[in-house]
Structure formats: structure tokens, C-alpha cells
Amino acid sequence: MSIGYFPGCSLHGLSREYDESLKAIAPALGLELVEVNDWSCCGASSAHSSSHLLGVALPARNLAQAEDQGIAEVVAPCAACYARLAAARHEIAGDATLAGHINKVLARDFRNSVKVRSILEVMKGALPAIGSKVTHPLKDLKVACYYGCLLVRPVEVTGGYDDPEDPSSMEAVCKAAGATPVKWNRRLDCCGGGLSMSRTGSVVRLGAAILKDAKAAGADAIVVACPMCHSNLDFRQKAMAQRGAWDGEMPILFLTQVVGLAMGLDAKALGLGRHFVRTDSVTTRPAPVAAGEVG
Amino acid sequence: MARIGVFVCHCGENIGRTVDCAKVAELCGQVPGVVHSVDYKYMCSDPGQQMVKAAIAEKGLTGVVVAACSPHMHEKTFRRATAGGGLNPFLCEMANVREHCSWIHEDRDAATVKAVDITKTIVEKVKRNVPLSTIRIPVTRRALVIGGGIAGIQAALDIADGGREVILVEKDPSIGGHMSQLSETFPTLDCSQCILTPRMVEVYQHPRIKLYSYSEVESVEGYIGNFKVKIRRKARSIDEDKCNGCGACTKTCPNKKIPSEFDCGLGKRTAIYVPFPQAVPNLPTIDRAKCLLFMNRAKGRPDTCKKCAEACSKEAIDFDQVDRFVTEDVGAIVVATGYQLYTIGKDQAKPNIKGYGEYGYGTIPDVIDGLQFERLASASGPTSGKIQRPSDGKEPKRIVFLQCIGSRDPQKGMDYCSKICCMYVAKHTMLYHHKVHDGQATVFYMDIRAAGKGYDEFSRRAIEEEGARYIRGRVSKMWRDGDVIKIQGFDTLAGEPIEMDADMVVLATAMRPQPGIDSLAQKLSVSYDQHGFINEAHPKLRPVETNTAGVYVAGACQAPRDIPDAVAMASATASKVLGLFANEMLEREPTVARVDESSCAGCFHCERVCAYGAVEHKEIKDRAGNVLRVIAYVNPGVCQGCGTCQATCPSKSVELAGFTDEQIWSEIQALGV
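As you go down the protein sequences, you meet chains Z and L in turn. So for the first sequence, our numbering puts the first residue at 1254; every next one is plus one. So for the second sequence, our numbering puts the first residue at 40; every next one is plus one.
Chain L on its own, in the form it takes in the complex:
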């Protein structure tokens, strides 16, 4: 026979104001099976918890009902107290008389009746509760980091330095990401490569980091602590073990006119190439779309040019290499795939609008974007750091920067602020001023958003000490007149139209997630917003977790981020991963679904409705090993306890522990309906 204790909480005035708690306790005490029923001002306080513990011992309780706040708030507290009293914690349940009753009603009498009803339903449920024990699943203590930009590098190094193995996957031939393309960084103007390349080398040499460059995640299976990841190692046509990175092949390649991705099209590269001198790994890659041999093969013609293979003394060139696949077991995944810049006139968020055709990007050669300016200003760039405009190589004496190109423009499909542009434009004006002393930099802006340590000081410095002219307003159109770019805009502070000439224009274009982020997110079962940015589990309290346990997010694939933000997020993911890896076994709530193997007919409706992929196929065999039936099996490691399968099963063969049909029915019946 059940011996239930009911503990009614006043929650100060929160419940007590609208609910007569003493009366609730009194009426609940009359329910059959309830042997103890009391009320108290703050049940979650230490004396309150002591009341629970004491009653368990004194009254020999078999179940505990706490009529108080939401289980989200204090279920853990009271289950701990119950366990402290010597009872299985899953024999304790919350009756929510605060959020579901006192907070939303005004009539005290009616609210009191409702509070009694709510508590009675939980009493009936708890009578049917059975002791449950926490599920323990093993954890593979290795992590996968996807993306080798600064966020991925930081996450990988922090996890590896914490003593755990890391698999780092980068889709490009080299790690380094966008940060390797930058000249100097705000707000300190320290050289980007000088602070990044040592970290890249550290990754390469770290004994606990395995780097797969020029590789992509093909598929992901499993669940927290137990992921199986298939990685496609794209054929770079180089035997990585033989190549010593001498560079003889790249020097001999006859196809030298390919726009370099690293230099944003401002420089050229060969078909067999190392993206930049400091690349990690320092291995060349053959771009098969541009290599003469592969272009001929695609047309069914015989191989002609093999100059790179002839130049290689190590016989490392392998024209017949194919994509290879490796499978890695990991326990946690960090997504750090970064961003791309909004590409004016090309790939658009809204495909029927080209976006800023009025600025002539792509038709006026001296209209460039922010990353292109970084390459012009970089000592390792195509002009060795001299500011020269692309059309004729002249030094621009009048340079104009336009902020918010794409960002904050709902019509272009991007209503968010890209966050970094105000700062990097201020930086660009300074870099320009340092290199072109007699030049004038002008900035068209909407607002200056310089929130961050040393940020506002930095942008003020650009204006007050480095001579940048800031005009608040938008440019309506630009066109080319001879070798001059004509600019027509509006100065919204002066309230008048403005026309000016420029030698070069830099567009601060919006940050967007990398292409293909949606398919990666689907492989990982993580959600993303309408722009493709990965969603965090909670915007404030769980900023680097995703809605899939064991998958974390860092850097600009979650939202526009600058370097300090991306690095901070990356370190946060590393601390989450190391926390997960602190134990060999992972504890999980036992409220998961179980299949009754004797009655399951194997229709797999449950598999179709499961949002988490927790339902597997299980073969029932006879002694000779012949398969008799195939039935459903719920993987307790993956199951999130939502109960959809239970509601769907036509033969009632699935039951969710702690929420069985019988328990739910008894709750309903307690309401007398």
C-alpha cells in the first residue's frame, strides 16, 4: 500500500497569495494513500528539505509529492532531498501550483481548488512510480573539430592541451581560415599572420591533434559520447608521405593565371599550388578543374603536361589518387566552420535580386570588398602591402569605404548587423593613412558600432588622429567616368545630397555562413536560423552548446564574430568538451522509452516519428541463429524521453519510463473526468 507524503510550498507570497496552501495540504491529506501532508513557507530552503527527509524516515513514505514550482526549477533539489531521506529519487515528483496556477489566476478560492486538483493528479501518478536508476553510457574521450580557422584551431589546441585527442577537419588545403588573409587586426594593429601562424604550426606538431586538411565530414552517426564520423579525404593528387614541400612542382606549372582564392582574386596562382607560403600543412594540391592534365582527361584526351611530376624528385605527384574515406570514433564535436563574405551580384540570399547593382561591383574593377583590401594591405599580399588599385596599379589618393553592404538590409535577406565591419573599416582607414600619407579616406556609415574593449577608442582614433572623414548616410549609386569613380550619396546629418570622386571604393560586405552549412547541420542534427547560422541551445545560458547533446559551436558559424569572440567561444567549447570527458561514463536521466519485445510487431511507426534517430532495428533469433522477427529497439543513449513513440505505437508496446500509460491515465482519472 502506498504511503505518500505531500509537501505544499507557499513560495513566499508567490503561491500563498492566491492559493490557500494550508487548505491544499489539509484536503490532500484526505486523499487515500496520503499519510502525511504539510505546508511550509519555503519548501526549497534547508529546513523545508529537512522536513521531506524527516517525514520519509518517520512516516515510512513510499512516494513524495512537492506542490510548488515548475520541475524545471526545483525537481532536482527535491529528488536530491528524497534520495537523502533514503528513497529512490524518481519516487519524488513536483506538482506545479505556481506557474500553472497561482501566477496565472486571481480568484483565490478557485485557484485553491485547482491547486488541490493538480496535486491530486501527481499523487495518483506517484503511487505508480517505480524506482529508476540513472543510465550510464561510455564516453569516447576524443573530440572532432570541424573547421580549421582561428576558432577551430583554438578549440583543438585547448582540448589537446587538456589531455584529450582531437581530430581536426579542414576543407581547404591549409588551415588558418580567414584570419590568415588579414593584414593587421583591430584594435591593436598587431600583425594577423604573426599571431596566427605559430598557432597553426602548434596544431600541426601537437602529438594529440590529428589534422585532416583538404577533407570534409561525409556523415555522422551516433550520439553524445559515441559518435562515428566518416571523413572524406579529397584527392589532392599528392602523396603526403613522400612530399617534402620543396615547391619545385609549383614553380614549373605552366598554368600560372588562375585567380588565387587566398588573394581574393587579386593575385594569381598555379594549378598545382600551396595557397600561401605559411600554409599548414606545407603540401601542394592540384586543382583538377584547372590542371591541363585533368582538363584533358575530362575531355577524353591523352595526358599531355606532366611538368610537376617531372620536377618532383620524390615522385610524390599522384595523378590517379582518388578520394579516400576514414572513420573516426569521437565523443564530442565542435562546429567551427566560420563565414564567407556576402558576394555581390553572385550567390544571393534572395536569388532574384542581384544586390547592389548600383555599386558596380564586378564591373568597376576598383570597387573591391573588405577582404580584398586586407590582401592589398598585407605584406604577403599581391602588391606586397602597397595600396594599389586593381585597374591600373596606381596609388589611390581618394579612397571611400561603404559600411553595411548587405548587413541590416532586409531587402537583401540579411537584417542582422555583421558586427565586425565598423571596426575593420576604421582599421582600413588607418592602414591606408599609414601607407598613403597624402591620401584622404572617407567612410559612409549608418551607425558606428564599436562596443568592445578598446574598440570605441580605436574608431575615435581613426577619425580624430588619422584623418578619416566619416559621413553618416548611404551611397545611392556609383559609376565610372574615365578612371574616376563618381559617387552619389546623401549626408543625413547635413541633410543634403553629396557627390564626390574616388579612385577606389571598398565595400564592407555582410558576413554569411559558409555555403553547405545547412547540409552539415543536417548531418549533425543541429538547428540553424533563416540565414544558416547554427543555433545555440540557449542565447544566454548555453551559448556554445547546440540542441544536440555532444555537439558544440564556436566562432562565426553561429553569428558574425570578431577574432576575440571566436577565440573565447572556442575556449568555452573546449571547457565543455573537457568537462564531458572528465568521466569515463556519462550519466543520463533514466526517463527513456523501452520497447516490449514480446508485443512489438515491427511496424516501425516509432522510428518514423522519432526526431532524434533513437529507434534501431533489433533481430530476434532462435537458438540456431535464424532471424524470427525484426523489432524496434530504443537506444537509451540517444533517446530524449519526449514520448512521441509511446503515443504513436499502435500496439502500445513502447513505454516511457516514469511516464507510462498507466501513470498518465491515473493522473487524468484523478481529475474525475
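So here's chain Z without its partners, still in its complex pose:
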């Protein structure tokens, strides 16, 4: 299946491994990623917090680019990009005045025809494919699936592909990869989002609570599907240690990396060496199970 791909700034920068791992597993999932031509900022953070119009017009521009390319649906792996694109589509669809205004701003005839999918929605749809391609099931790997704020909320914008308060799609994907999701309490808590630089103390406090709870639930690693969550939980573990809020080393994995590992892909190809907290405990686990045993 061909699907539009909107990487956004993170997947070409800080979270390059998210981009690498997604591209590495896409063929096995039957996904042909078609990158949106000349994509620009999604409108998250500074744009949408300073101007509502800018926060809608920027994602609308990207959707218009995709529309011109003949893309029917686009996947935005970054949760913030997904939220902006999906929110813009939702707002424009329900407000004819805004739609007219946006067309004027974009100086083109934008029909708002492109559907926006989150990575979770796409992976959930590819569950049978994932199941059939797993050669190295992550047996005995206990994972804490962390959704954060925007992947499944608000339900009006997401269309309700998963429950906004008790989601299950990430657990389903991890199970398909052979891992064991743990039951824990902070799956939907705030990671501190964009306050990483401006209010590091808050990010340390919130992040440490998430890490501790995952550890208490027996998780070997936390699985995320958002570059911001990843950065706050991975990169900031050192700051947490310095401030005495956290003293462990919890590997933080992208969902795409988990699936890639279960498919037997090389850790390097999945960008697992790019993390601040080492992922050896996950990648150098006891000998993988033979392919024949996989159902």
C-alpha cells in the first residue's frame, strides 16, 4: 500500500533513528512511503501557540502539497506533527469560513481530501503483516507502552481509532512482536513536551515519575511513538540522575525499532546506537528463537 509520509523536522534531526527504523520495516509491512514534496513545518509548538491561523495554515500547506501529489492518506510518525495535521484537517472540515480563509492564505484550491493517520493507526492496520514477518520474537522482553498526550487524543480529531483514556493499539503491536506489555499507570501522563529547554525541572519531575512507574511495573524498556517523548525520557535521564530524581538506566525504544528487532533487523539499521541511554540490554538478549517456532 502506498502512503504519504510526512517526516517533520524531528525525524530528519534529533530522532533520525525513528525515520531509519520506520523505513527499515516499511517494506515488510507492505508500506510504500511516498514523502510529501517540499514539506515544511507542521505548525507545532511556536507556530500554533502564537497564532491560530498559522497553526492551521502551516499543516494545511503540507496537506495541500500531498493533495497535489495525489496522496490519499498521509502518515505523520511524530505525535506533534500528527496532531497538527489531523487537527487542521478536522478544523477546516467543520468550518467553511476557515476553509475559505485557508484557501486564500495558501493561494490555491485546497480540497482537504488527504486523510491523516498516526503511526499507531497504521501499525494497528498492519498487525497481520507484522505477525507474519516476526522471526525473532522478543520473548521475555517486558515493555511499558507509553502513549503520552497526543497520539490518541482528542478523540474528535483522531476519529477514535483507539480509546482516548484506555488505549490498546501499542500493546497489540508489541504483543505481535513477541514482547510482553506490562500493566502500569502512567501510559497517558505528560512527559513535559516542549518544556525540555525552558523548564527542565518540570521535565525531570514528570519524566522521572514515568520512568519509576514503568520500572516498578517490571518493564525492561519503555516503548514510545513520539520524538518529543523519546527525547524527554531518554536524553533527560542524565539530568534526572544529576538532580537525584532517578538512578536507573531505562532504554527508551521507538515502536518501529521494537518491530524491527522482532523482524531480526540489524540494531544499527534501526538506529539503536543513537540513543543516550544504551539499548544493549534489549539488543543483546539471550539467543533469538529459531524462525521455525514463530506462529
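FYI, nobody ran anything at the bench for these hints, they're computed from the structure. Cβ coordinates follow ideal geometry from the N, Cα and C atoms, glycine included. Certain hints may be false.
Unchecked claim - Mimicking PhoX-like on lysine-lysine, the simulated pairs with C-alpha atoms at most 25 Å apart in a straight line are:
| id | chain 1 | residue 1 | chain 2 | residue 2 |
| --- | --- | --- | --- | --- |
| 1 | L | Lys-516 | Z | Lys-1465 |
| 2 | L | Lys-579 | L | Lys-615 |
| 3 | Z | Lys-1395 | L | Lys-525 |
| 4 | L | Lys-525 | Z | Lys-1468 |
| 5 | L | Lys-516 | Z | Lys-1468 |
| 6 | Z | Lys-1465 | L | Lys-525 |
Claimed, not checked - Far from chain L, by Cβ distances over 12 Å, these chain Z residues were calculated:
| id | residue |
| --- | --- |
| 7 | Ser-1293 |
| 8 | Ser-1302 |
| 9 | His-1343 |
| 10 | Val-1358 |
| 11 | Arg-1364 |
| 12 | Pro-1407 |
| 13 | Leu-1448 |
| 14 | Gly-1501 |
| 15 | Met-1516 |
| 16 | Ala-1522 |
Stated by the list, open to error - Simulated DEER-style distance windows between Cβ atoms:
| id | chain 1 | residue 1 | chain 2 | residue 2 | range |
| --- | --- | --- | --- | --- | --- |
| 17 | Z | Glu-1409 | L | Pro-554 | 55 to 63 Å |
| 18 | Z | Ala-1522 | L | Gly-534 | 44 to 52 Å |
| 19 | L | Met-485 | Z | Glu-1502 | 38 to 46 Å |
| 20 | Z | Glu-1409 | L | Gly-534 | 23 to 31 Å |
| 21 | Z | His-1305 | L | Val-523 | 37 to 45 Å |
| 22 | Z | Ala-1346 | L | Phe-358 | 45 to 53 Å |
| 23 | L | Ser-566 | Z | Gly-1412 | 27 to 35 Å |
| 24 | Z | Asp-1348 | L | Ser-566 | 31 to 39 Å |
| 25 | L | Lys-307 | Z | Gly-1412 | 35 to 43 Å |
Given the coordinates of chain Z, assemble chain L onto it according to the supplied hints.
Using the frame of chain Z, we list chain L on its own:
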């Protein structure tokens, strides 16, 4: 030759301000066939009506046109006056020059011209009116009450005490409904069972009430005064005539671990069971989905366990019983099917959203709902009235109540207020305080809605005298840490986040109609709203009638109701039913459709468009009894006179009395178009 009288009303200033009534009377007086035309300030007043009566006698009128307000307002008044003058009342018609003219226009000259036009059309119609007489249909003076909760019980008792027979149908093995599950009731804290069970027994012993428990309405045919109801008596696997209710069977049943519906899953029951000790009728029922014998039969295996049959000295157990059907003739139906609680995580109004997953209902055992707390607090409950939490049986020292769970939440598909929760939560905090003296009850609320006699005083008492701590705000999530429930919320009055520990949490979940209400409503041809609550005929003036004549509604199947409301509604339906049953014959407007039997081709387009199911098939036979043709027949008892069949009939074989094609055409032609 027609001799029509026209009476133009000023309606004080209502019409007179924008319409020159004297001129209307003058111009209408020039219309051929009009022999008398006058105007008057208040035509509906007694002198006005006298003018009509006098003119009929003096001028020998053959028809009366009153140019005034809407027929909804005063048609009855003037038809009565016409009849008083010695003329058939259906020879009088209203020309609506108020709602259709004076109220909606400003230009006096143009409005006057329009008023003349309106009046002229009605004059032309009345020239072609024929005398009609009221239809009289017989009434079967027995009532059906559907639902044996407090509303159904009250309605049945009131009707039966009024001297009429009642058929009471209850789908569960016992009557009593949700009220039988409650511990105490607000705002007086009187014991629910103590006030309910005598009423249940009264129903059972009443000579004029026939109770069908463990039964459901299968189909309904007919119309007001003449319903035919088919009732499915579900097989309870017990011979009701032989069983003496000794209870030996339930004691011997080996399958004792089935969650009890009556105790909301907090207690257990056997496969052959009586839902609760005070059940009416006091007869056991075999739950075939849980009984070993029937489970084996379903798998094609031989019968194994027959312990209940062995224990029964009356040979009342009948494993081969099948569902039976009975048909009852009734003249009126009361729907009182009650409510269910919003089931978190299960059956949702919006199926893709589980609803409040953040509260852990179903995964944290000490998070329960309001009815479950009632069972814990009830002396007849699984803990004999001791407040013990389900997980470890410990007495919770910190209990938290969350209001508006589902209610007032459009995202969960229920934007309405469930009305009873503010009061029962206040009651719960009191019951808790009375039983756990050193415990602390905390309530998270959105508003306190305590409108009702003694209600606000009651909720104030919970706060001021019984130590309940009320926090205005919502809880965002709850999780389990060891044996403690962690609560994270927001205090909107203090404007700050709040975290606390609790030993048990009670969710005040929304009231929803019973499952299956939609199919029952369709059987009865009554409408229901988007939530499934039955619609009343008028929200203010006809609160217990439905849009189908002869079908009434009481209690929480119409909207969230507390006990006093449900009982008041039930008594209101009983008074409506008894009013209907006051006469042997029912009078109906004669403006119904009639089929011309000579020209009807039997295409039954009329049957397909009739919203009321009034069109029947009629066989035309020769003298030898051979069927020659099958044609349409409109049942005058069911027909509502809407005229859709008349407009649909391709051969113009249906005519609506009082609104024939000829009359409508003459009205149009009077406009000169």
C-alpha cells in the same frame, strides 16, 4: 343552495390591529352563497357565540365560517356553538386570519386583502361540507402494564384499585425492579424494601391483577381501546402450579458460584435460583445458560445433574418446559420498563469509546458503581449491610464518590443529567458515616442538583452534619498502588490539582434506558429520543401520554426519574387509563379516510404510506363466497386523518371525510389561481 354565515373576529387587537375586520366582513358578504357576514371584538366570548347561534336560526344558515384564530385554539368552541344552534358541528370551519395573517404581517391593506382571501377559501370549502357524526368504537376495559418496577407496580395497583383488570408483564423472574435492590431511600432514609415489598405482595394478591413474571411482550396489534398483545412466557423450567416455594432445589444446586444479578455481581447465586428472599412470585427459575444439565444438553451430552429435581417433593421441576405464548386483549398500555446503569467499559452509547478507562472500573476491584454500593449497604446484601470492599473485605476508611460518570458528557454519548445521582451520593455518604464512624467520605461533583422537597436540606445535611467532604471538580485518573487507589484530580474552586489516596471508589454512573427499549417502542409505534428514552406526547401538557393513542409512559424509561417522580407518573398514567375506561365506547373525530370499494384496484400504495398501520385488506366475495377482489379498507379506529393515503391513491379511491379532493380544489379555486 348554500346559505353561509361569516363571523369575523377582531381577537381584541390581535387581528384588528393589522386587519380591517369590518372590511373583511363586508367583502365576504358579497361572496355568492354568503347570506350573513358580521365582525365582532371577541367572537369566542359568550355574546360572540350567541351571535353564531342566533344567525343559524334567523338566517337559516347551512354553514358557518369563523374568521379568527387557529382551529387548534377554538374550532371546538365554535363547533359546539354551531351544534347549539341546531346545525351539524362539522358544517362549521375556522378561517385562520390570526396566526396565518395578522400576526405575521405589518401592511394593513395587504393583510386585509389576504384575510379576505383566506376567508373566501373556507367559504368555498364549507359550501361542500357534509354533516359528519362522531365515530364510536368499543373499548376493552383492561390494561397492560409493561415492567414490574415501582412505576409499573404503582400503575397496576392504581388501575386495579380503580376497578379495572390489569395484566402486568415483567421480564425478570421477580417484580420489584431496581428499587428492591436499594438499601435506604432519599431524602428520608426509609428502608426501600420495607416500603416496596408490601406493594409487591399486594400486586400478587390483587384479584384484578394478572402477573406474568419472566415474560416479555412479543407483539402488539390494534389500536386504542382494542389492542391484542402476544406475551412470551419464558420457560423458567418450573411448574408454577406445583411449586410451593420451599427452596429445597436452590439449596441442593451444585453450581453456586454464579454472580448474582440482584447483588450486582458482589454476591453469588445458584443456577436454579430465586433472585432474592422477598421475590414475587416466590418461584425459582433455572438459568439455562449456567445449569449443568442444560449446558450438557447444548453440547449434545446426556443429562447428568438432576439434583434439584431429586430434591423437589412436588415434582415441580420441568426440564422440558418450552416458552409459551398467551394473547391478551387490552384497551390501554402503560410502558414502565425503567432504566439500566451506564456500564463502563462494556455496552457503550458510542461503541468505539470504552468510556472512563482512566478510572479502572473492571480492573481495580474496589472501584464499584452506585448500585453495587447500595447492595453493600443493604441489610439483605452480600455483606449483610457491612461496608466491606470487594478486594479483601476490609472496611474502607477513605471512600471517594465521583458524580456525573457518563451523565452530562457528550463525548460518551449522554449529554443529559441523570438527576438522581447528586441525591443518592449524598445518601451514600450518610449511610457510610452511620456504619463507619471513623471513615472519611469525599465527593467529587460538578454541581449539586438537589431540587425537590427536602432534597437540598438533605444534601446540606450530608456536608454540614455528616462530615462528607465535597470537592468541586473532576478526577482525571485513578490507579492502584498496592492496596490503595491513587486519585488524581482537580479542585476547581481552589484552582489546583489534587491527589489523594482512597480505599474504595464509587462511581455515580448515568441512567440509560433498558436494552431492547427500541424494539419494544417499535412494537408499540411510540417514538423515542436519541438515547432511547420514550418520548412523551407533549413535554409539559401531556407528560404521560405517547404519540400513539392508548399507550402511556411512566418512570425512568421516559427520562431519568427518582422514586417519587416515577410513582407520580405511574399514578398519572393510571388516571389517564381509568379516564379512558370510564365509557364503554370511545368517541373519535369522524375525519378519517374511506375507500371507494367500487374503484379501488387493490394496489395498496395507501397501506405502504400509512404511518399508523390503519389500512387493512378486505375481500370482496360473490354470493357463493368466492373471493372476487382484495381491496383496501381503512380502520376508522386507527386512522388519524392525515390524508397521506388520499394524496397517494392513483385511482382517487380514498377520500378523507371533511377534506375531500373536491373541497380542497374549491379552496384553491377560490384564490383565483
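Hints, verified against the model:
Taking the CA atoms of L/Lys-516 and Z/Lys-1465, the gap is near 18 Å; set against the 25 Å cutoff, the hint holds. For the hint pairing L/Lys-579 with L/Lys-615, the CA-to-CA distance comes to about 15 Å; that is within 25 Å, so the pair holds. Proposed proximity of Z/Lys-1395 and L/Lys-525 is supported: the alpha carbons are some 24 Å apart, at most 25 Å. At roughly 18 Å between alpha-carbon atoms, L/Lys-525 and Z/Lys-1468 fall within 25 Å of each other, so this suggested pair holds.
Using a Cα cut-off of 25 Å, the hinted pair L/Lys-516 and Z/Lys-1468 holds, with the two alpha carbons roughly 20 Å apart. About 16 Å separates the Cα atoms of Z/Lys-1465 and L/Lys-525, which keeps this hinted pair within 25 Å; it holds. With a minimum CB-CB distance of about 33 Å to chain L, Z/Ser-1293 clears the 12 Å threshold, and the non-interface call stands. At the 12 Å boundary, the C-beta of Z/Ser-1302 stays outside the reach of chain L, the nearest C-beta of that chain being 22 Å off.
No beta-carbon of chain L comes within 12 Å of the beta-carbon of Z/His-1343; the shortest separation is about 15 Å. No beta-carbon of chain L comes within 12 Å of the beta-carbon of Z/Val-1358; the shortest separation is about 31 Å. Listed as a non-interface residue, Z/Arg-1364 keeps its Cβ farther than 12 Å from every Cβ of chain L; the least gap is roughly 27 Å. A Cβ of chain L approaches the Cβ of Z/Pro-1407 within 12 Å, the least distance being about 9 Å, so the stated non-interface status is violated.
Distance to chain L confirms Z/Leu-1448 as a non-interface residue, since its nearest Cβ pair spans about 17 Å, more than 12 Å. For Z/Gly-1501, the non-interface assignment is confirmed: its Cβ lies about 19 Å from the closest Cβ of chain L, beyond the 12 Å cut-off. With 12 Å as the threshold on Cβ separation, the claim that Z/Met-1516 sits away from chain L holds: the shortest Cβ distance comes to roughly 30 Å. For Z/Ala-1522, the condition that its CB be more than 12 Å from all CB atoms of chain L holds, with the nearest at approximately 36 Å.
Between Z/Glu-1409 and L/Pro-554, the C-beta spacing of about 27 Å breaks the proposed range 55 to 63 Å. A C-beta distance of roughly 51 Å is found between Z/Ala-1522 and L/Gly-534, which places it inside the suggested range of 44 to 52 Å. The hinted window of 38 to 46 Å between L/Met-485 and Z/Glu-1502 holds, with their beta carbons roughly 44 Å apart. At about 27 Å, the CB distance of Z/Glu-1409 to L/Gly-534 agrees with the hint of 23 to 31 Å.
Taking the beta carbon of each, Z/His-1305 and L/Val-523 are about 43 Å apart, inside 37 to 45 Å as hinted. A C-beta distance of roughly 59 Å is found between Z/Ala-1346 and L/Phe-358, which places it outside the suggested range of 45 to 53 Å. The beta-carbon spacing between L/Ser-566 and Z/Gly-1412, approximately 31 Å, falls within the hinted interval of 27 to 35 Å. Between Z/Asp-1348 and L/Ser-566 the beta carbons are some 33 Å apart, a value that agrees with the proposed interval 31 to 39 Å.
Separated by about 42 Å at the C-beta atoms, L/Lys-307 and Z/Gly-1412 satisfy the suggested range of 35 to 43 Å.
Hint check: violations occur at hints 12, 17 and 22; the rest are consistent with the structure.
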